[in-house]
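A.B. asks: For what it's worth, full-length UniProt numbering labels the leading residue of the sequence shown as 1, then goes sequentially.
A couple of the hints might just be wrong.
[As the list claims (entries may be wrong)] Estimated spans, in silico, between C-beta atoms of each pair: (1) 242 <-> 131: 21 to 29 Å; (2) 92 <-> 138: 27 to 35 Å; (3) 284 <-> 122: 36 to 44 Å; (4) 324 <-> 137: 49 to 57 Å; (5) 212 <-> 124: 20 to 28 Å; (6) 140 <-> 296: 40 to 48 Å; (7) 189 <-> 285: 20 to 28 Å; (8) 114 <-> 325: 27 to 35 Å; (9) 89 <-> 136: 19 to 27 Å.
FYI, nobody ran anything at the bench for these hints, they're computed from the structure. Remember, predicted model here, so these are calculated numbers, not experimental data. Each residue gets a CB set at the ideal place from its N, CA and C atoms; glycine is no exception.
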Amino acid sequence: MYEICSRAFEPPRLLCTKIVYLTRVRNSRWRPLTLISALLVAFGMLYSGLFQKSIAFANVARIPTKTYHAAQDGPLIPPKIWQIYLRPANSSDNFQTEPAQIFDAASWLARNPDYSYHLVGDQGASRVLRRNRLSNHRLRKIYDALPNVGMKSDLLRYLILADEGGVYSDTDVEALRPIDTWIPAQHTAHAKAVIGIEFDRLNGSNRNDIHEDMQFCQWTIAVAPNHPLLYRMLKSVVSRLDKYSKERSLTIEELKVTSWDVLNLTGPSAWTDAIFEQLRTYQPNLTSLRNLTGLTTPTLIGDILILPIDAFGMGQGHSNSTNDGSTPNNALVRHKFHGSWRKETYSA
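Can you build the whole structure from these sequences, using the hints too?
C.D. replies: Below you can see the structure in the form of structure tokens.
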């Protein structure tokens, strides 16, 4: 018995096809034909599995660099909305979420009546960590040890989206347009991930707590399940946390993280690095984030659709974001920057 398997990143098997070859053939005349038939069947199943269903970084690197063809086969973004609200650190056992804290959830329901909606709290997070096919003992230990609720929320959103796909958005984000209108018609058949820009340096100066040149936001993400970008990000989070804690001879639980640490270990700075690395597998001629500066129209690279600043990042005082009190036509969400996770960080 031969087992042919395909793996992506380090999650459990995405595909495993068992092929049984019976070595005993009563009539020796048919043995060569049987062998050839078995090999043809095996090759066909392997081709179908590896190239139609599984996700492998080696495959996407061969995509023509200037094309709108999808970077991989597989599902598009499913009609699911995910939000996370976790208990703040040191809260009492009878803690309850106040309706005002998830006020903007109504906008997601109203704009997208045909989407399933999921608000994940602490018990829901525990279920995700137990049942998610990408979760394992190590990830659960890391999640439980994370010293900041923002970091927990970061890891949880990546884990959910990698397995389930859909649209994630922070609870302080208002939906302005239906999700079904986010992707231009010419890209609907190919876009497997939709990301927005938080900061674009353009010709201005950099900001101390922002990724140099450009930063992608992760307060709103839309993605198909099994996208390699999310596997890349999960791997990055684990690697960064391990390196950071070992450099300080501390366990993850003992870390006293600053806002900068959160942004760079699990947040938008780390997310930006993962996106850029994934984009380069589609277009190796990308040399820096400066190649993407000043976008004014949705741009598809591989199967990742990058939206201009106003789509997810309107109302900011930088990056040519519309900030005159109006709502531009291409604004899809309004982020209100409550930043509750910062209350659990330490000053540098």
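A.B. asks: Each hint needs a verdict: does it hold in this structure or not?
C.D. replies: Do the hints match the structure? See the list:
In this structure the hint that residue 242 and residue 131 lie 21 to 29 Å apart at CB holds, the actual value being about 25 Å. Evaluation of the 27 to 35 Å hint for residue 92 and residue 138 yields a pass: the beta carbon distance comes to about 30 Å. The hinted window of 36 to 44 Å between residue 284 and residue 122 holds, with their beta carbons roughly 42 Å apart. With their beta carbons about 51 Å apart, residue 324 and residue 137 fall inside the hinted range of 49 to 57 Å.
For the hinted restraint 20 to 28 Å between residue 212 and residue 124, the CB-CB distance of approximately 36 Å leaves it violated. Distance hint for residue 140 and residue 296: a CB-CB separation of about 43 Å, consistent with the stated range 40 to 48 Å. The hinted range of 20 to 28 Å is satisfied by residue 189 and residue 285, whose Cβ atoms lie roughly 24 Å apart. For the hinted restraint 27 to 35 Å between residue 114 and residue 325, the CB-CB distance of approximately 32 Å keeps it satisfied.
In this structure, residue 89 and residue 136 meet the distance hint of 19 to 27 Å, their C-beta atoms being roughly 25 Å apart.
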